[in-house]
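Q: Chain by chain, the residues run as shown.
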Amino acid sequence: MVRFLSVKALIGFTLVGLVVLVALFAPMFIPAERATQMVMTARLQPPSLSFPLGTDQLGRDLLARVMLGAQTSLLIAVSAVVISIVLGLPLGIISGYFGGRIDNVLMRVIDALLSFPVLLLALTISAVLGPNLQNTVIAIGVAFTPFLARIVRGEALRVVQMPYVEAARAAGTRDGAMIMRHILPNIMPALIVQATISLAFAVLAEAALSFLGLGTQPPMASWGLMIQASRQFLDIAPWTALVPGVALAITILGLNLLGDVLRDVLDPRSR
Amino acid sequence: MKSAAPLVSVENLRVEFKGEFGPITGVKDISFTVQPGETVCVVGESGSGKSVTSLSLLRLVEFGGGRIVSGKLWFRPEGGAPIDLAQIDPEEMPRIRGNQIGMIFQEPMTALNPVFTIGRQLTDGLRRHRGLSAEAATARALELLREVQLPEPARRLKQYPHELSGGMRQRVVIAMAMACRPQLLIADEPTTALDVTIQAEILGLIGRLKRELGMAVLFITHDMAVVAQLADRVVVMRHGELVEEGPVEQIFAAPKADYTKALLASVPKLGEMRGKPGPEPLRIPGAPAAEAFTHAKPEMTGPIGPILSVKGLTTRFPMRGGILQRVVANVHAVEDVSFDIAHAETLALVGESGCGKSTTARSILRLVEPTAGDVIMDGQDIRGLNAGGLRLSRRNMQMVFQDPFASLNPYMRLWKQVAEPILNFDLARGSELDDRIAFLFDRVGLPRDFMRRFPHELSGGQRQRVAIARALSVNPKLIVADEAVSALDVSVQAQVLNLLMELQAEFGLSYLFISHDMAVVERISHRVGVMHLGRIVEIGTRAEVFEDPRHSYTRALLSGVPIADPTHRMIKENSALKPLPSPIFPIGHHPARPIYDEVSRSHFVLQD
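Protein chains in written order, with the numbering used here: chain D, 476 to 746; chain C, 31 to 638.
Hints may be right or wrong, so weigh each one.
[Said to hold, decoys possible] Pairwise CB distance ranges (calculated):
no., chain 1, residue 1, chain 2, residue 2, range
1, C, R482, D, M655, 41 to 47 Å
2, D, D586, C, F146, 30 to 36 Å
3, C, L422, D, L589, 38 to 44 Å
[What the hints assert, rightly or not] Below, a sample of chain C positions facing chain D; criterion: calculated Cβ distance under 7 Å:
no., residue
4, K240
5, E242
6, L243
7, R421
8, N426
9, E450
Hint data in this document are derived by calculation from the structure and do not stem from the laboratory.
By construction, the Cβ of each residue, glycine as well, lies at the ideal position given by its N, Cα and C atoms.
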């Protein structure tokens, strides 16, 4: 178990570390022009010596774009998920823990929000706030909140029924302490899993918003934007989709592994 | 009982499970035999390997991640040569499982598939193994239900499992196991989840079927009293090893192994306390003999009122139905219950599942809100308190719960869990707090290095000690123990019971002790209240209730308890199922107030 855990942790840390390093340092070493410079004579080139990962439909270097896009994509995904946790966790816990009328009101609002497709919701928020990076993050974060709140509420409902919560209540524990000591630690595993999954969806949501002209503005690079742009050229230049796609897959795999590791580390039973 | 060819012969069976750090041996080189028509009881505590042994015979152990490493499992099918079930092709097993060997599981709630009717589940096996037509199978199923004495068998065939009570379901499970007339019936703790009166019915049924059909029974249990009532021969297991084997009379009269002796001594026996003045600790072999707690109830000086006084306590739960989820009826869980508990006294509430004893406990602490009645704790009206006042009142009343695995937070270190009540009331800080926790761990007999551990690292008995330490931490006047020893193995149960009695003598605690186990209640209590359908039907001192029971229900309860003595078999083979009355009443139903006959100054019996 311990050995297995460390293999998982090693791969997870390596993958996420790689992506984070690229996101942090690529802008220092690669001039921004590398990613926006259009070489009309080298459109949709397969990988070669001068363009190691090939070029896109405007002759831009995919390697430079994927490396510079890492920062944008990660920043948006992580910030959006943090926002959805900051909003959804308290809502879910209050709803599940206190129950009754509060729960009824909160959950009907959440259900109403859930009935909108996520993208439509994000699109509306983004359109109202105006298209820029910051508003995209807020839009995605808010659009993801109902899902998170629902999952947290479900877990809180489960934990509230556990005998140790009744035991703590019989021991005179106040609501605040109950939530911090008993509810929160026991819903952590579900929260971590949901958060890592949300990260992947946030990257894609950003792509969709960008495609509709509300997210990242061209010529700035983001993975989502690159995947969207490659759509028309899949048959003649599959690498244009593969490059950002693989980068995204590596990031999500790494984050999921780290999420698993974090969950195991937090669980005293696996120590 | 000796015959030349045994039906089952287990030879040097060894079963291993995959563990984190290499294989874990579940059963170590066990050998025993079962003769045709014989009842062999395999007895042991949790983790002894008794269930693994029985699952190996059915080759079901593989589905639980186990592996039969070595040994032979000879089984002699009807009119055939013995076959080694350990070597047989797993594909062949379904022909034997359920056909030649029947199995009854512990949990009658989960052993039946909730989405199929009883009839469908009964006829499935018959059609597969015996090739019966649909009509023939249904006719046979009806016959089987009559055989297990289920009332209205024709109607049952069309019903779903949730429409039946636990005892009825277990009868259906037995009918299923008997469907193909197996030569061997394996029963894994078939009565553990049932009430005593229903347990007696089921044991009687198994005994009768065995005799009538000449079937052998391999009965797995942890309960020595059940063994005494049922077994021809006994196999005692511990830590996957065979400790002792022999005829039942020999095991009970002259046990050879120390472990068997300890196991027998740990079982509280009903009637053992006859003529004793107060609660008395159990003798645990190997441990120094504890003295009787005759001094446990100090003479009261002056007119001190009861520590807890409950008057007319009533708790009803609404049942909702229909599309609008309106309240359609009420479950009368607790109905007009009154009693007092004196200082340093143990009042036991005893009764079968669903009688309202746990709800009474929870209503007193207001973990559920009572509908009516008064709860006066140490002069304070609990029902009149607001949320803040209620929280403060919990300093005086603490609770120990049934399930030691679920009542501790898996994510919290044990010292923190014990410290929680102290922190809640800000009773101690810093080194004073540390000293108090260390004292509590010492007092409940846990090593101090356990303080840094998490609950999963402890056994059930150790966890229950932590729960007791937590309840003690704020020096309460009353501890409500809700089935606090029911989930523990007998030897551990004895230790925890002794601990509770010691603590009472030391700190002058009062207990409200909720239990279904008459023998345990007889051990620990000063006074006893018998509950049935939400009411107390009889209340009095221990001697009065146990030695002079007046209410018919108390008598039925006492006569259902199996006695750990093979020379006193009291199980009747022809015990028909008694219908369970329901505590559900329409809205607005007000039951008549209970009227009690006074037998003596302390002994009251409900009028029918």
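Q: Could you run down the list of hints and mark each one as holding or not?
A: Do the hints match the structure? See the list:
| no. | hint | verdict |
| --- | --- | --- |
| 1 | C:R482 x D:M655: 41 to 47 Å | 21 Å, violated |
| 2 | D:D586 x C:F146: 30 to 36 Å | 34 Å, holds |
| 3 | C:L422 x D:L589: 38 to 44 Å | 42 Å, holds |
| 4 | K240 | 39 Å, violated |
| 5 | E242 | 44 Å, violated |
| 6 | L243 | 43 Å, violated |
| 7 | R421 | 5 Å, holds |
| 8 | N426 | 10 Å, violated |
| 9 | E450 | 6 Å, holds |
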